[in-house]
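Student: Sequence:
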Amino acid sequence: MKFLIFAVCMAALALAENTYDSSTDDIDLSEVLGNERLVMSYSKCLLNKGPCTPEVKKLKDKLPEILETKCAKCTDKQKQMGKQLIQEIKSKHPDIWSDLAAHYDPQGKYRQSLEEFLKS
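Numbering-wise, the sequence shown is residues -16 to -1, 1 to 104 according to mature numbering (1 follows the signal peptide of the UniProt record, and there is no 0).
Please keep in mind that the hints were generated in silico from the structure rather than gathered at the bench.
Please note: incorrect hints may appear among the correct ones.
What the hints assert, rightly or not - FRET-style restraints, in silico, Cβ to Cβ:
| id | residue 1 | residue 2 | range |
| --- | --- | --- | --- |
| 1 | Asp60 | Gly34 | 28 to 36 Å |
| 2 | Gly18 | Gln91 | 31 to 39 Å |
| 3 | Asn19 | Lys42 | 16 to 24 Å |
| 4 | Gly92 | Glu15 | 25 to 33 Å |
| 5 | Lys93 | Lys63 | 16 to 24 Å |
| 6 | Asp10 | Gln91 | 28 to 36 Å |
| 7 | Gln96 | Pro38 | 30 to 38 Å |
| 8 | Asp83 | Lys41 | 16 to 24 Å |
| 9 | Asn19 | Glu100 | 24 to 32 Å |
| 10 | Arg21 | Lys57 | 27 to 35 Å |
| 11 | Thr3 | Ser82 | 29 to 37 Å |
| 12 | Ala86 | Ser25 | 13 to 21 Å |
What the hints assert, rightly or not - Straight-line C-alpha distance at most 20 Å; calculated SDA-like pairs for lysine to any residue:
| id | residue 1 | residue 2 |
| --- | --- | --- |
| 13 | Lys28 | Leu84 |
| 14 | Lys54 | Gly92 |
| 15 | Lys61 | Asn2 |
| 16 | Lys41 | Glu52 |
| 17 | Lys44 | Lys61 |
| 18 | Lys93 | Leu31 |
| 19 | Lys57 | Ser97 |
| 20 | Lys54 | Ser6 |
| 21 | Lys57 | Leu102 |
| 22 | Lys74 | Ala85 |
| 23 | Lys54 | Lys74 |
| 24 | Lys41 | His87 |
| 25 | Lys41 | Leu51 |
By construction, the Cβ of each residue, glycine as well, lies at the ideal position given by its N, Cα and C atoms.
Working from the sequences, and respecting the hints, build out all of it.
Tutor: Written out as C-alpha cells, the structure reads:
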C-alpha cells in the first residue's frame, strides 16, 4: 500500500513538472494589450532594452524553450493566451512583432511551427 501511494505521488510530481507554472494564467490580456505603456515596457524587457517585471522575466526566460518545444509544457490556457498575444501584437504592433521575431528567431526556423500553432 505504501508503494502505491509513493508511486501515485511520484506520478503526480512528474506530471506537475511537465507543464509550466499556471500562476499567471488569470492575467487579463485584453487589459495589458489595451495599455500602450505596458506593451512598450514589456516588449523592451523581452528585447533586453529595459527592465522586467517578475512575470515578464519568467516568460522571457522560458521563451527559447517554448519556441524549441512548440509550447509542449504549456497548459491549454497558456496556449490560448499565447495565441491571443501573438495575434494582437502581429496585427496592432507589427514593428514590435518584427523586432521580437528577429531577436528570438533570427534564422526563421520557428516561423512555420508558429504559424501552425496559431492555426491550431
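Student: Go ahead and decide if the range 31 to 39 Å is satisfied by the Cβ distance of Gly18 to Gln91.
Tutor: Check passed, 33 Å falls within 31 to 39 Å.
Student: Is the Cα-Cα distance between Lys54 and Gly92 20 Å or less?
Tutor: 14 Å, holds
Student: Would you check the hint for Lys41 and His87, treating anything up to 20 Å between C-alpha atoms as holding?
Tutor: Status holds; Cα separation ~16 Å.
Student: Holds or violated: are the alpha carbons of Lys57 and Ser97 at most 20 Å from each other?
Tutor: 15 Å, holds
Student: Indicate whether the distance between the beta carbons of Asn19 and Glu100 respects the range 24 to 32 Å.
Tutor: 30 Å, holds
Student: Look at the Cβ atoms of Ala86 and Ser25 and judge whether their distance stays inside 13 to 21 Å.
Tutor: 19 Å, holds
Student: Return holds or violated for the Cβ distance of Thr3 and Ser82 against the range 29 to 37 Å.
Tutor: Taking Cβ atoms as reference, Thr3 and Ser82 lie about 30 Å apart, which means the hint holds.
Student: For the range 28 to 36 Å, tell me whether the beta carbons of Asp10 and Gln91 fit it or not.
Tutor: 35 Å, holds
Student: With a cut-off of 20 Å on the C-alpha distance, tell me whether Lys74 and Ala85 pass.
Tutor: 10 Å, holds
Student: Does the structure keep Lys61 and Asn2 at a Cα separation of 20 Å or less?
Tutor: 15 Å, holds
Student: Using the C-beta atoms of Asn19 and Lys42, is the stated range 16 to 24 Å upheld?
Tutor: 19 Å Cβ-Cβ, so the 16 to 24 Å window holds.
Student: Compare the distance between the alpha carbons of Lys44 and Lys61 with 20 Å, and conclude whether the hinted pair is satisfied.
Tutor: 18 Å, holds
Of the numbered hints stated above, none is contradicted by the structure.
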